[in-house]
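Given these sequences and hints, build the entire structure.
Protein chains in written order, with this note's numbering: chain A, 1 to 380; chain B, 1 to 75.
Hints listed in this document are in silico derivations from the structure and should not be mistaken for laboratory results.
Incorrect hints may appear among the rest.
[Said to hold, decoys possible] Derived CB-CB ranges, DEER-like:
id	chain 1	residue 1	chain 2	residue 2	range
1	A	Glu291	B	Glu17	16 to 26 Å
2	A	Leu140	B	Arg20	36 to 46 Å
3	B	Arg20	A	Glu324	57 to 67 Å
[To be verified] Heads up, incomplete: computed chain B residues facing chain A, CB under 10 Å, no partners named:
id	residue
4	Thr7
5	Asp11
6	Leu22
7	Ala24
8	Phe36
9	Gly39
10	Val40
11	Arg42
12	Ala46
13	Ala52
14	Gln55
15	Arg56
16	Val60
17	Glu62
[Unchecked claim] Footprint (simulated), chain B over chain A, 3 or more residues, beta carbon under 8 Å:
id	segment
18	116–130
19	140–147
20	173–184
21	196–204
Beta carbons are placed, not taken as given, at the ideal position from N, Cα and C, and that holds for glycine.
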Amino acid sequence: MSDLFAPTEASGALTVTEVNRLAKGAVEGALGPTWVHGEVSGLKAYASGHWYFGIKDAESQLRCVMWRTYSTRVGTPPAEGTQVYCLGTPTIWEERGEYRLNVTRMLLLDQLGRQALELERVRKKLAAEGLFDPARKRPLPAFARTIGVVTSLNGAALRDVITVARARWPSVRIVAFGAAVQGAAAEGEVVAALQRVGRLGGVDVLIVGRGGGSKEDLEVFNKESVCRALAAVPVPTISAVGHETDVALTDLVADARAATPSAAAELAVPDRRRWAARADDLGVRLARALERRGQVARERLFRAADRMQAALQEQLAGRRHALERCAVQLDALSPLKVLGRGYAVAQDPAGKVLKSVTQLTPGTAFTLRVADGGVGAKVV
Amino acid sequence: MSTQKPTLQDDLKRLEEIVRALEAEDLDLDKAITLFEEGVKRLRTAREQLGAVEQRVQKVLEQAGGELTLEDLDP
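This is the structure:
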């Protein structure tokens with residue numbers, strides 16, 4: 001077994017690639033992404049958009065590369081000697097065996113100072129005018145059917161809003177007012193987009209914002225013109241600049257603030273499940289209430305019918321009783337009964353009872369009625 | 001608000017009133033049935049709105065003349 005710490009045989013040699021790969025792993029593993037402070041030296045901006053430069057202090061220099069994706073966020077290349085903070089990962093470029101810093105962010109010190117001053121100026125001015133006044137805040141609609149979104153049409157913010165909004169309420173209408181949210185054109189585009197919200201009409205609540213970004217990416221949301229345009233939007237607004245810790249001025253101007261566009265969509269769009277549950281509950285109560293009303297009415301009806309029937313029977317019984325009494329009386333008074341005792345009654349041919357001698361002059365014909373029939377007779 | 005007809009919110013609010021009135025029990029049956037029928041209608045429109053289909057996302061475009069138009073956003 002050979003001693004790893006004392007390689008003496010050429011047959012154990014590593015290839016160049018192997019060494020560089022191992023060194024790269026060691027460097028990246030040892031440091032990771034880190035902020036480096038220094039001044040820019042020998043910057044070359046290629047047509048491809050990539051920047052190659054060094055940053056140095058009094059004693060040493062560090063080679064840096066910044067790919068196009070990241071350098072475009074900085075804008076124009078900083079001049080020689082500019083003080084910068086760079087965020088990057090120290091690494092080794094294997095093909096060349098070069099050690100360098102892969103820079104993803106660059107903050108220009110003097111620019112940072114200017115931005116901070118400008119931010120403070122705008123904040124004071126708008127505060128003095130009452131644009132941040134809590135009394136200005138409008139409540140968000142409980143039931144928004146159309147939500148407007150002022151953001152980049154290609155950004156994550158719009159995608160997040162769409163995803164969350166549809167999960168909460170599939171039929172919610174989403175109108176996107178496209179605007180660049182970073183770069184030189186952003187301010188003008190965001191202001192124009194905000195103005196279109198009122199001109200278009202039909203929007204119930206507006207979300208303005210962007211996905212998570214670095215501090216300088218939020219710049220447009222700190223612009224005075226953007227804040228004023230937001231304050232002038234005629235419907236309730238939510239600012240969602242995708243930043244948990246930093247507050248943009250639009251957060252203070254908007255009627256509500258959300259940490260992310262997804263959170264803004266949750267504020268803006270009602271939850272279908274909650275409303276569906278309420279509708280279901282009301283449906284059940286409606287049916288139950290009518291059923292109970294029906295039951296009460298049915299019971300009342302039955303009770304009334306019972307009472308009516310009882311009253312009717314009582315009345316009938318009374319009548320029957322009276323009828324029977326009448327029948328008895330009638331029977332007692334019946335002339336047939338009197339005749340039965342041996343009496344007779346005289347009637348003229350028309351059946352009229354002859355009660356007086358004056359009616360029975362000699363020769364008058366009459367009928368003599370006895371219990372079992374009548375016989376013809378004549379007065380003599 | 002911009003839009004058509006009574007909203008779901010209106011429907012459910014009215015439905016809530018109807019249910020309360022029916023639960024209060026001091027109504028004529030006639031009146032109760034009329035209310036119930038209205039309640040059923042409201043419930044149906046509410047359910048329709050709850051079940052409505054997914055809408056397209058639209059983007060706003062400004063024409064040369066300053067006119068605003070809507071166009072479907074590519075998914």
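Hint-by-hint comparison with the structure:
In this structure, A:Glu291 and B:Glu17 meet the distance hint of 16 to 26 Å, their C-beta atoms being roughly 19 Å apart. Taken as a hint, the range 36 to 46 Å is violated for the pair A:Leu140 and B:Arg20, whose Cβ atoms sit roughly 27 Å apart. Distance hint for B:Arg20 and A:Glu324: a CB-CB separation of about 58 Å, consistent with the stated range 57 to 67 Å. Taking 10 Å as the C-beta contact cut-off toward chain A, the hint placing B:Thr7 at the interface holds, the least distance being around 6 Å.
Hint status for B:Asp11 relative to chain A: holds, with the closest Cβ pair at about 8 Å, below 10 Å. The interface hint given for B:Leu22 holds, since its Cβ lies 4 Å from the closest Cβ of chain A, which is under the 10 Å cut-off. The criterion of a C-beta within 10 Å of any C-beta in chain A is met by B:Ala24, whose closest approach is roughly 9 Å, and the hint holds. At a threshold of 10 Å, the smallest CB-CB gap from B:Phe36 to chain A is about 5 Å, leaving the interface hint in force.
Residue-level restraint check for B:Gly39 holds (minimum Cβ-Cβ distance to chain A is 5 Å; threshold 10 Å). Taking 10 Å as the C-beta contact cut-off toward chain A, the hint placing B:Val40 at the interface holds, the least distance being around 7 Å. Checking B:Arg42 against chain A by beta carbon gives a least distance of about 9 Å; that is within 10 Å, so the hint holds. For B:Ala46, the interface hint holds, the least distance from its beta-carbon to any beta-carbon of chain A being 5 Å, beneath 10 Å.
Interface hint at B:Ala52: satisfied, since its Cβ lies 4 Å from the closest Cβ of chain A, which is below the 10 Å cut-off. The beta carbon of B:Gln55 comes within 5 Å of a beta carbon in chain A, closer than 10 Å, and the hint placing it at the interface holds. A least Cβ separation of about 8 Å between B:Arg56 and chain A falls short of the 10 Å threshold, and the interface hint therefore holds. Taking 10 Å as the C-beta contact cut-off toward chain A, the hint placing B:Val60 at the interface holds, the least distance being around 5 Å.
Among the interface hints, the one on B:Glu62 holds; its C-beta lies about 7 Å from the nearest C-beta in chain A, closer than the 10 Å criterion. Under a criterion of three residues with beta carbons nearer than 8 Å to beta carbons of chain B, the stated coverage of the segment 116–130 of chain A fails, only 0 such residues being counted. With 5 residues having a beta carbon nearer than 8 Å to a beta carbon of chain B, the segment 140–147 of chain A meets the requirement of three or more and the stated coverage holds. Only residues whose beta carbon comes within less than 8 Å of a beta carbon in chain B count, and the segment 173–184 of chain A has 6; three or more means the coverage holds.
Counting residues of the segment 196–204 of chain A whose CB lies closer than 8 Å to any CB of chain B gives 7, so the stated coverage by that chain holds, three being the minimum.
The structure is inconsistent with the numbered hints 2 and 18, although it conforms to all the rest.
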